[in-house]
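J.: Chains as they are written, first to last, in the working numbering: chain E, 295 to 448; chain P, 83 to 194.
For the record, the hints were derived by calculation from the structure and aren't laboratory data.
Note that the structure is a prediction, hence the values are computed from the model and not measured.
Here a beta-carbon is modelled for each residue, glycine too, at the ideal position from N, C-alpha and C.
Treat the hints loosely; a few may be bogus.
Residues from chain P that keep clear of chain E, each with C-beta distances beyond 12 angstroms, as calculated [claimed, not checked]:
hint, residue
1, Gly113
2, Leu157
3, Leu169
4, Ala174
5, Leu175
6, Glu184
Examples of chain P residues lying across from chain E (beta carbon under 8 angstroms, computed) [to be verified]:
hint, residue
7, Phe124
8, Ala170
9, Gln172
10, Arg173
11, Trp176
12, Leu180
13, Leu187
For reference, the chains in residue letters:
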Amino acid sequence: MSEIDVDTGTVRLERTYEATVEAVFDAWTNPEVMQRWWKADPEHEVTIAADVRVGGGYRLEIRRPDGDEMAVHGTYREVARPDRLVYSWTWEGTGPYAGHESEVAVTFAEEEPGRTTVTIEHAGLLDETSRANHARGWNGVLDSFARSGIPATR
Amino acid sequence: MANSQAATLSRAFVAVAHPLRRTILERLADGELTVGEATHDFPVSKPAISKHLKVLEEAGAIVRVIDGRTHRLRLNGASLEEAYAWLARQRALWERKLDVVEEFLNEQEKRA
Numbered sequence: 295m296s297e298i299d300v301d302t303g304t305v306r307l308e309r310t311y312e313a314t315v316e317a318v319f320d321a322w323t324n325p326e327v328m329q330r331w332w333k334a335d336p337e338h339e340v341t342i343a344a345d346v347r348v349g350g351g352y353r354l355e356i357r358r359p360d361g362d363e364m365a366v367h368g369t370y371r372e373v374a375r376p377d378r379l380v381y382s383w384t385w386e387g388t389g390p391y392a393g394h395e396s397e398v399a400v401t402f403a404e405e406e407p408g409r410t411t412v413t414i415e416h417a418g419l420l421d422e423t424s425r426a427n428h429a430r431g432w433n434g435v436l437d438s439f440a441r442s443g444i445p446a447t448r
Numbered sequence: 083m084a085n086s087q088a089a090t091l092s093r094a095f096v097a098v099a100h101p102l103r104r105t106i107l108e109r110l111a112d113g114e115l116t117v118g119e120a121t122h123d124f125p126v127s128k129p130a131i132s133k134h135l136k137v138l139e140e141a142g143a144i145v146r147v148i149d150g151r152t153h154r155l156r157l158n159g160a161s162l163e164e165a166y167a168w169l170a171r172q173r174a175l176w177e178r179k180l181d182v183v184e185e186f187l188n189e190q191e192k193r194a
């Protein structure tokens, strides 16, 4: 299930895994998972730093062979293993409107033993001045997905 | 350039922020309709309907095609597509993260 709420500019997704809630939570914050997620193209140089505790920061960066860079950073606001993770999400960039902060809330619920549902809610994406910038940033990510043969939407 | 793009998105979001306006757009997705065909069963007054149509026109979501005395409404996809596409891209990135997590969990299970 996934949902786009154009009224509020919130994106919601849900996925159920055959795993315990601890395993799913730990996979979510695993550095190797972050690497694979971000490195859509083998030619990209990816730098990942994450200090997963309340007040800790993270930063994900891609550098393309042509020198293009793209990065996002944020701060962990809630780290309640294994139930919930909330972090701010801010694109960096060379554009004049980078820097708008949105918020990602991830909830992990083990509905029956060994069966865990993850719900992602990315909210606060409607700031007027940053909309164009977001579009640019995500375009870049999607371009790299397209090059790697991963479908952008399903 | 950036500001006008933001303004376009902003109008597009306003356009789809009302259920009756979304209904109009959904109905027009299959082709042009007259105002009556698109809105006859709405439980609101004619002035209210006119207001909704005006919001949609100003957002560039629909265009009015005047054919003699008949006003037909036609969906103008581009402006709304921009707003939807933008949010769809955020979703796509998270879909990918969910995929990577799944892949990782499967590998862990095999290793165990």
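J.: With reference to the structure, classify each hint as holding or not holding.
T.: The hints, checked one at a time:
Gly113 of chain P, annotated as away from the interface, keeps every beta carbon of chain E farther than 12 angstroms; the closest lies near 23 angstroms. Annotated as non-interface, Leu157 of chain P keeps its C-beta farther than 12 angstroms from every C-beta of chain E; the closest such distance is 16 angstroms. A beta-carbon of chain E is positioned within 12 angstroms of the beta-carbon of Leu169 of chain P; the least distance is around 4 angstroms. A Cβ of chain E approaches the Cβ of Ala174 of chain P within 12 angstroms, the least distance being about 5 angstroms, so the stated non-interface status is violated.
Distance check for Leu175 of chain P against chain E: the nearest CB is about 6 angstroms away, which does not clear 12 angstroms, and the non-interface claim fails. Some Cβ of chain E comes within 12 angstroms of the Cβ of Glu184 of chain P; the nearest lies about 6 angstroms off, and the non-interface call is violated. With a cut of 8 angstroms, the hint placing Phe124 of chain P at the interface with chain E is violated, because the nearest CB-to-CB distance is about 19 angstroms. Look at Ala170 of chain P: its Cβ gets to within about 6 angstroms of chain E, closer than 8 angstroms, so that hint holds up.
With its C-beta approaching chain E no nearer than about 5 angstroms, Gln172 of chain P sits inside the 8 angstroms limit, and its interface hint holds. At a threshold of 8 angstroms, the smallest CB-CB gap from Arg173 of chain P to chain E is about 5 angstroms, leaving the interface hint in force. Proximity of Trp176 of chain P to chain E holds as hinted, the smallest CB-CB distance being about 5 angstroms (cut-off 8 angstroms). The beta carbon of Leu180 of chain P comes within 4 angstroms of a beta carbon in chain E, closer than 8 angstroms, and the hint placing it at the interface holds.
The restraint placing Leu187 of chain P at the interface with chain E holds, with a minimum CB-CB distance near 5 angstroms, inside the 8 angstroms limit.
Violation of the numbered hints given earlier is confined to hints 3, 4, 5, 6 and 7; the remaining hints are satisfied by the structure.
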